[in-house]
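Enquirer: Letter by letter, the chains look like this.
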Amino acid sequence: KNEVEQSPQNLTAQEGEFITINCSYSVGISALHWLQQHPGGGIVSLFMLSSGKKKHGRLIATINIQEKHSSLHITASHPRDSAVYICAVRGRGGADGLTFGKGTHLIIQP
Amino acid sequence: SQTIHQWPATLVQPVGSPLSLECTVEGTSNPNLYWYRQAAGRGLQLLFYSVGIGQISSEVPQNLSASRPQDRQFILSSKKLLLSDSGFYLCAWSRSGNTIYFGEGSWLTVV
Numbered sequence: 079k080n081e082v083e084q085s086p087q088n089l090t091a092q093e094g095e096f097i098t099i100n101c102s103y104s105v106g107i108s109a110l111h112w113l114q115q116h117p118g119g120g121i122v123s124l125f126m127l128s129s130g131k132k133k134h135g136r137l138i139a140t141i142n143i144q145e146k147h148s149s150l151h152i153t154a155s156h157p158r159d160s161a162v163y164i165c166a167v168r169g170r171g172g173a174d175g176l177t178f179g180k181g182t183h184l185i186i187q188p
Numbered sequence: 064s065q066t067i068h069q070w071p072a073t074l075v076q077p078v079g080s081p082l083s084l085e086c087t088v089e090g091t092s093n094p095n096l097y098w099y100r101q102a103a104g105r106g107l108q109l110l111f112y113s114v115g116i117g118q119i120s121s122e123v124p125q126n127l128s129a130s131r132p133q134d135r136q137f138i139l140s141s142k143k144l145l146l147s148d149s150g151f152y153l154c155a156w157s158r159s160g161n162t163i164y165f166g167e168g169s170w171l172t173v174v
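Chains as they are written, first to last, in the working numbering: chain A, 79 to 188; chain B, 64 to 174.
I should point out that these hints are in silico values taken from the structure, not numbers from a laboratory.
Glycine included, each C-beta is placed from N, C-alpha and C at the ideal position.
Misleading hints may appear alongside valid ones.
Heads up, simulated DSBU-like pairs for lysine-lysine below, C-alpha to C-alpha not over 35 Å straight-line [as the list claims (entries may be wrong)]: (1) B:Lys142 <-> A:Lys79; (2) B:Lys142 <-> A:Lys180; (3) A:Lys132 <-> A:Lys146; (4) A:Lys79 <-> A:Lys180; (5) A:Lys131 <-> B:Lys143; (6) A:Lys180 <-> B:Lys143; (7) A:Lys79 <-> A:Lys132; (8) A:Lys180 <-> A:Lys133; (9) A:Lys146 <-> A:Lys79; (10) A:Lys180 <-> A:Lys146; (11) A:Lys132 <-> A:Lys180; (12) A:Lys79 <-> A:Lys133.
Residues of chain B placed beyond 10 Å of chain A at every Cβ, according to the derived structure [to be verified]: (13) Val75; (14) Pro77; (15) Gly90; (16) Thr91; (17) Gln108; (18) Ser130; (19) Arg131; (20) Gln133; (21) Arg135; (22) Leu146; (23) Ser147; (24) Ser149; (25) Thr162; (26) Glu167.
Extracted from the complex, chain B is given alone in its bound form:
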């Protein structure tokens, strides 16, 4: 069966510090991978998606970047965090035209 793991689950980071959230998928190959963010009081927003290794599409301009160094690994990064980066980050995967599966999520608080 397929599983998706995301870590860390929670983190508190100072403004200006770097960020790395990691997501891995098991039990499938060549998945579509996604990073979403849910800011306080707001709905989920797509940040990045990837249809293959090294292929990243960005939906919104921001302080974040994503990379896909391996088929089933998706990383969300920032060189210098802003207060506005605080929120709940979700990794997800799907196969085109099929249902979507979400990771457990990562709560980020920038202080």
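So that you can see chain A by itself, here it is in the shape it has in the complex:
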């Protein structure tokens, strides 16, 4: 069973700061997802990674397969980025569901 650890659990920063959220997992995976959950509960998939790096707007996600580690970065953070960010991994079993980290609660203050 994969163990997914995220850090930090809570993060408060000022608008404009560069944000980094980390995720590590214990067993080899086929893919890693970064998800964003808003206060109402809805979840949106930000990235799906199996290697390297992806960028979408101000968001950047990287993964190091050998080290079993991924990071999510937010550049020029904004109050609307405030949300819970969740790392989730998919095992090598294909259709199997995701194993989730407990999430990082991010607050960006104006």
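Position chain B relative to chain A; hints supplied.
Expert: Just chain B now, with coordinates in the frame of chain A:
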């Protein structure tokens, strides 16, 4: 485009009452379907997944069951709710190896 709908959005049910949450997917065929639960203060947990009609895999033993009567319909049920069933339930779909899409979620409070 593909969409996923889940209902009801919120419900308050007494202990011992039945439960039915429904999820439908549009715009795709033969999706992998999932039910997840997020209990208060805890991370998301996979409850059930399905790779086809009538095919259900359960990840954790519990008071709940799932069914997939049609290709794009996934139902989460309980015959008798427990207090510990309270939480936020999410339906999701994906195609193998691709990104995952979540429904809007259902808040269940068992009283």
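Enquirer: Could you tell me which of the hints above the structure violates, numbers in ascending order?
Expert: As far as the earlier hints go, 5, 17, 25 and 26 are violated by this structure, in ascending order.
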